[in-house]
Each structure stands twice: as C-alpha cells, then as structure tokens.
Amino acid sequence: MTVKSEKRVEIRIVTSPVADVLRLLSAMADASCAEDSDELGQLYRRLQKQLRPRLLANVERLFNHECYPGMGLLSLLEESYAAEVPSFLQALNQMPLSDLSETLLGFGRIYRNNPPARNIDELLADREKLLEHIRSNMVISEDKIEILTDIVFNTTETRDDLAELIEHFWYVILQPEADHRAQLQQEVAEQCRSRINEIGPIRMVTGLTNLHLSEKGGLYEKYILAPCSFDGSSLTAVENREETGLILAFNREVAILQNNEVEPEEPPALDTAELANIFNTLGDKTRLEIVRALVERPHYGQELAKMLGISNATVFYHLSQLEKTRTVHLERIEHRVYYVLDAARLRYLLTQASSFLLG
Numbered sequence: 043m044t045v046k047s048e049k050r051v052e053i054r055i056v057t058s059p060v061a062d063v064l065r066l067l068s069a070m071a072d073a074s075c076a077e078d079s080d081e082l083g084q085l086y087r088r089l090q091k092q093l094r095p096r097l098l099a100n101v102e103r104l105f106n107h108e109c110y111p112g113m114g115l116l117s118l119l120e121e122s123y124a125a126e127v128p129s130f131l132q133a134l135n136q137m138p139l140s141d142l143s144e145t146l147l148g149f150g151r152i153y154r155n156n157p158p159a160r161n162i163d164e165l166l167a168d169r170e171k172l173l174e175h176i177r178s179n180m181v182i183s184e185d186k187i188e189i190l191t192d193i194v195f196n197t198t199e200t201r202d203d204l205a206e207l208i209e210h211f212w213y214v215i216l217q218p219e220a221d222h223r224a225q226l227q228q229e230v231a232e233q234c235r236s237r238i239n240e241i242g243p244i245r246m247v248t249g250l251t252n253l254h255l256s257e258k259g260g261l262y263e264k265y266i267l268a269p270c271s272f273d274g275s276s277l278t279a280v281e282n283r284e285e286t287g288l289i290l291a292f293n294r295e296v297a298i299l300q301n302n303e304v305e306p307e308e309p310p311a312l313d314t315a316e317l318a319n320i321f322n323t324l325g326d327k328t329r330l331e332i333v334r335a336l337v338e339r340p341h342y343g344q345e346l347a348k349m350l351g352i353s354n355a356t357v358f359y360h361l362s363q364l365e366k367t368r369t370v371h372l373e374r375i376e377h378r379v380y381y382v383l384d385a386a387r388l389r390y391l392l393t394q395a396s397s398f399l400l401g
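So for the sequence shown, the numbering used here puts the first residue at 43; every next one is plus one.
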C-alpha cells in the first residue's frame, strides 16, 4: 500500500518475515530491546541457553547494539526479494561485495557518516584506510572500531555468517509459527492504514519516530513502514541504499497505534513530578552546553562532540536524554541528520515552571 499527502510524503507499508528475523537477532544482542517485549524477553532467555556458542558469538559480533552492522540489512526491506526469507537469502548470496559492505554500514547512515559509493572499493582494498575512515567519521565506541572494520573488510566471511544466522533464526525458531506472525503483521499494517487516514502521513511518521519532517525541504521521498509481529514498542530506523527513503521497523505496540484519538494540538499541563524530572535532565552541565550550541543552529552529533571536547559515545548519551524531554529532535537537512532544538517546547517548559513557581 502507498499513501501520499499534499506535501509529497509517500508512505509504503511492507510486511515481511525478514523484519521479524532481524528484530529477534537485534534483541539477542541488546538486552534492553528484549526487556521492551515479553515475547522477545522469553525468547532471549531461552535462546541464550539453547544456541551454540558460535552462533551466540556471531549474534553479538554482527548485531551488537553499539554498531549494529547486521541491522543494515533492514535497508533492503523495500526490495521485492525481501518479501520472503528464501528469496532474501538468495539475493544476499548474489549481492556484490561492495554493495554488501555499504549495506552493513547503512544502519548508522543517518546518525553517522557512511563511506560514499565513489570510494567504497578503495576502502575495501586497504584495511587501514577503512579503519581510519570508521574512526574519523563514524560514531562508534573505540573498542568496536577494530571489530566493525573486520566485519566490513572480510565481507565474504561476514555474508556467510549472516546467512547462517538468518537461516537458523527463521527455519528453526520462527517458521513454525510463521502463519500466526504473518497474521499479526497484517493486523498491524491495517492499524497503520487506519491511523494514516485518521491523522495523515506526516503526523504518522512523526508519531513513530522523533525524526521531524521539515516543511522547508530535505524530506525523504518515501517512508517504508515495516511492522514486526512482536509485542513491545521498539523501533529501528534505517535509510535505504539510495538515501531517498527511511525504513521504519517497529513492534506492534508503538504508542502511535495504541492511541485511537488524534493528539491534541496544545500539550497538557505538566504535574510537579514531570517538571522535576525534565529539569533534572536539563540541569546537567553538558546538556546545558549542548542546548546552548543548538540555540545557534542545528548540529550533528560528531560535531557537538568535537565542540565540547567529549567522546562521541558521551555526547550521544546526553542527546538521548535530551530527546526524552522532547526539547531536542532529529531533522534531516539536505543529506545529513541533525539534532535540532525545539525552541517552542523549551519555552513551553520554562513557562510551565514559571507558572508553578510564581503562581
């Protein structure tokens, strides 16, 4: 299904067992993802005991939540071959190695730089150049740089390991309940269609993720919604290979689908506990410095880290905390995603605090 609005926002909804396989693989490498879902939590605990050590090691290596190279495969969900696992595996096996390397780096494309197509072959020919590119341009903890470099550089081995994981997690774990999970995905897809008709494509996408849709341009040409069959509210966003579309894979209990009413234009008054929690978050010295920088103009994460003299991992931790207060959000401007200050939201919070303190 495709939906368009007057602002040329196109939404496609795709259902695929591949989305479920990748969601389960990511949950196995990220306990917080498993904690979000009772189903995934139960599978996580069971599979930690049942999987062979080599498979567990490859899950951690390829889907570790600090670099997630395996989740770059989500960027392929809009392709026709991704409708079924066998055709997806066949396409993975036939994919040129340079394309696969870019795909593996694609998970972080909207949050950190990816090797441009013009020099990916050059990087793959020299491990040191690839390592230096990752170290210089990608937001990744220092202890994962060597690991990610090896994953991308040794593409043939990586492809075999990914194929083995996908085959095992599909044929051994998920296929026995394939019909039930396909039905759940279809039900969520119907909920999405209904919600889009109710509130429109722009509010639907904004409600799914904190990536705001700028009316000044720089929009993605399309948004691909890929519902997963698991409970919980986890969401993963990945650009497609052409950087023209954003693929959103999400569990079936995301908030935008649970609320059957149109969100009010005016936010409700905050109670004392909410205000205290928000200002406790905003009161951190580093976060105040980030807010001050964002008052001047939008910045991308790595730029803020250099300005403040802190690590990429540290700045992204503080940004994630600010996102929870909704004073900072992501916005795509031209070909990069920036962190942007929501000045109206900040003024609203300050007004609420003033009203509470001064009566």
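Hints in this document: simulated from the structure, not taken from any laboratory. Source: prediction; values computed, not measured. There's no promise every hint is true.
[To be verified] Restricting the straight-line Cα-Cα distance to at most 25 Å, the calculated cross-link-like pairs of lysine-lysine (DSS-like) are:
1) K171 - K327
2) K91 - K264
3) K171 - K186
4) K348 - K327
5) K327 - K264
6) K366 - K348
[As the list claims (entries may be wrong)] Each pair of labels, with its calculated beta carbon distance range:
7) M137 - Y213: 35 to 45 Å
8) T323 - S353: 29 to 39 Å
9) S397 - D163: 16 to 26 Å
10) S140 - A318: 27 to 37 Å
11) E184 - T393: 15 to 25 Å
12) T314 - Q84: 47 to 57 Å
13) E331 - K91: 38 to 48 Å
14) T198 - A386: 46 to 56 Å
15) N322 - K348: 37 to 47 Å
For each residue, glycine too, the CB sits at the ideal point set by N, CA and C.
Cross-check of the supplied hints:
{"no.": "1", "hint": "K171 - K327", "result": "36 Å, violated"}
{"no.": "2", "hint": "K91 - K264", "result": "41 Å, violated"}
{"no.": "3", "hint": "K171 - K186", "result": "16 Å, holds"}
{"no.": "4", "hint": "K348 - K327", "result": "16 Å, holds"}
{"no.": "5", "hint": "K327 - K264", "result": "38 Å, violated"}
{"no.": "6", "hint": "K366 - K348", "result": "23 Å, holds"}
{"no.": "7", "hint": "M137 - Y213: 35 to 45 Å", "result": "21 Å, violated"}
{"no.": "8", "hint": "T323 - S353: 29 to 39 Å", "result": "20 Å, violated"}
{"no.": "9", "hint": "S397 - D163: 16 to 26 Å", "result": "60 Å, violated"}
{"no.": "10", "hint": "S140 - A318: 27 to 37 Å", "result": "52 Å, violated"}
{"no.": "11", "hint": "E184 - T393: 15 to 25 Å", "result": "42 Å, violated"}
{"no.": "12", "hint": "T314 - Q84: 47 to 57 Å", "result": "38 Å, violated"}
{"no.": "13", "hint": "E331 - K91: 38 to 48 Å", "result": "45 Å, holds"}
{"no.": "14", "hint": "T198 - A386: 46 to 56 Å", "result": "51 Å, holds"}
{"no.": "15", "hint": "N322 - K348: 37 to 47 Å", "result": "27 Å, violated"}
Against the hints set out earlier in the document, violations occur for numbers 1, 2, 5, 7, 8, 9, 10, 11, 12 and 15.
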